[in-house]
Amino acid sequence: MKVSVVIITLNNRRTIKEVLAAVAGWADEIVVVDSGSKDETLTVACEFGCKTMYRQFDGFGTQKHFAVDQAKNDWIFIVDADEVVTLELKKEIDDVLQNTEYQGFMIPNTLMFLGGMMRYGREYKMPHLRLFNRKFGNYNDREVHEDIILNGKTLTLKNHVLHYSYADLSECFQKINNYSSRGAKELHKRGKKASLFKIITKFPIAFFTEYFIRLNFLNGYRGFVWAFSQAVYATLKYIKLRELANE
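Per the numbering used here, residue 124 is the first one in the sequence shown, and the count goes up by one each step.
No lab work stands behind these hints, which were simulated from the structure alone.
Cβ atoms here follow ideal geometry from the backbone N, Cα and C, with glycine treated the same way.
Dumping the calculated DSBU-like pairs for lysine-lysine here, alpha-carbon to alpha-carbon at most 30 Å:
1. Lys-276 with Lys-248
2. Lys-214 with Lys-276
3. Lys-161 with Lys-308
The calculated label-pair distances, taken between Cβ atoms and stated as ranges, are:
4. Thr-209 with Lys-174: 21 to 27 Å
5. Phe-340 with Thr-209: 23 to 29 Å
6. Leu-292 with Lys-315: 24 to 30 Å
7. Lys-312 with Ala-290: 28 to 34 Å
8. Glu-370 with Asp-151: 43 to 49 Å
9. Tyr-243 with Leu-210: 22 to 28 Å
10. Thr-332 with Gly-172: 41 to 47 Å
11. Thr-332 with Leu-237: 19 to 25 Å
12. Arg-365 with Lys-298: 20 to 26 Å
13. Phe-351 with Leu-210: 32 to 38 Å
14. Ile-336 with Arg-137: 30 to 36 Å
15. Ala-290 with Phe-259: 32 to 38 Å
16. Phe-351 with Lys-125: 41 to 47 Å
17. Val-348 with Asp-197: 37 to 43 Å
Please model the complete structure; the sequences and the hints are all you need to start from.
Laid out in structure tokens, this is it:
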């Protein structure tokens, strides 16, 4: 089966070369949809022979839906611009696509954070639907936390991609600020409310969940910082939702 790797980009100089090197020569094609990079992202993409195009960004769901439509093959592998596909995963995909009854595959995703791998909790091999036959589905239009709506059977694979999401803590909190704004807008569109009680309790509940229930205390210092950052994200999103409601 021929596979199209599909990537959306915006100023991904830090990771894009390693991301493309991991799938170049293995994928039948690489489709890159960029939303206005000012760095070397597109130069690198052209060096790897990617099919590149521009689309103004209006949300992750619609952007990825458009990107999927640009591919020439039915089997689509969505790879984020900061995710490196491992050799073991490529071999596994080659094997499962030889003769399959499934229309989609859940790809384990492991977070690389503060210079190391998150080996415990849900950030280790968290499965996401990323490999699918587009005859049976595509992305919804959610602005953040977008999903593939698939009419078919799925199977979770064993091997993973490595997710180099943040260069440092500064970039981590920049993304939290961006994603919390988009998340608040999504909640606002769905008619959700942010009471004072919910805002006050959001941080301790989110931190307790991430640090203890999701076992991030086993990740040491990385786990504490991750739990803290996720609690900040959850709280900030509802503070911004309350702000939107009062406009």
